[in-house]
Amino acid sequence: MNNHFYAILLSVVAGYLYYDMMESSIPTESNCSFSASPMTDLLAFVWGFIIMGYGIKKYDNPILTFLGCAVVVEHIFQLKRKI
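Adding 15 to a residue's 1-based position in the sequence shown gives its number in the working numbering.
Any given hint could be a false lead.
To be verified - Dumping the calculated SDA-like pairs for lysine to any residue here, alpha-carbon to alpha-carbon at most 20 Å: (1) K95 x F20; (2) K95 x S39; (3) K95 x E38; (4) K95 x A59; (5) K95 x D56; (6) K95 x S52; (7) K73 x V61; (8) K72 x F20; (9) K72 x V61; (10) K72 x S52; (11) K73 x V86.
Stated by the list, open to error - Listed next, with one range per pair, are the computed distances between beta-carbon atoms: (12) G68 x L25: 25 to 31 Å; (13) D75 x P42: 41 to 47 Å; (14) F64 x R96: 35 to 41 Å; (15) L25 x L94: 32 to 38 Å; (16) Y33 x K72: 33 to 39 Å; (17) F64 x V28: 17 to 23 Å; (18) I65 x N18: 25 to 31 Å.
It should be emphasised that the hints constitute simulated quantities derived from the structure, not laboratory data. For each residue, glycine too, the CB sits at the ideal point set by N, CA and C.
The task is simple: from the sequences and hints, build the whole structure.
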């Protein structure tokens, strides 16, 4: 299989684990990223997908693919909490 497939698969797990760790360590009432505007999440999606695109198409670099997808996954969970 393609290395980018594994990078995306691992980034979903890493993004979830990072979000879970962050959520459990910061009280919801505190001033944290959960209270940031949805525009922050939208910008994170855009930049995450751009980084994924560079990783897959331009540089053929699974590490960039992993990092971009992990950002997208983590912000999906944050946005889900706001809705």
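### Task
Using the beta carbons of L25 and L94, state whether their distance is inside 32 to 38 Å or not.
Check failed, 21 Å falls outside 32 to 38 Å.
### Query
Is the hinted range of 25 to 31 Å satisfied by the C-beta distance from G68 to L25?
violated (18 Å)
### Query
Does S52 lie within 20 Å of K95 when you go C-alpha to C-alpha?
Roughly 13 Å separates the two Cα atoms, so the pair holds.
### Task
Kindly confirm whether 33 to 39 Å is satisfied by the beta carbon distance between Y33 and K72.
Given a distance of about 25 Å, which is not inside 33 to 39 Å, the answer is violated.
### Query
Taken at face value, is the distance from the CA of E38 to the CA of K95 at most 20 Å?
At roughly 13 Å apart (the allowed maximum being 20 Å), E38 and K95 satisfy the hint.
### Task
Please work out if K72 and S52 have their alpha carbons no farther apart than 20 Å.
Given that 20 Å is the threshold and the Cα spacing comes to 31 Å, the pair is violated.
### Pairwise beta carbon distance, I65 to N18, judged against the given window 25 to 31 Å
violated (19 Å)
### Task
Given the hint that K95 pairs with A59, test it: the Cα-Cα distance must not exceed 20 Å.
Roughly 14 Å separates the two Cα atoms, so the pair holds.
### Message
For K95 and S39, compute the direct alpha-carbon distance and say whether it is at most 20 Å.
### Response
holds (16 Å)
### Query
Does the alpha-carbon distance linking K72 and F20 stay inside the 20 Å limit?
holds (13 Å)
### Query
Are the Cα positions of K95 and D56 separated by 20 Å at most?
holds (10 Å)
### Message
Quick check: does the Cβ-Cβ distance between F64 and V28 fall within 17 to 23 Å?
### Response
holds (19 Å)
In summary, the numbered hints that this structure violates are 1, 10, 12, 14, 15, 16, 18.
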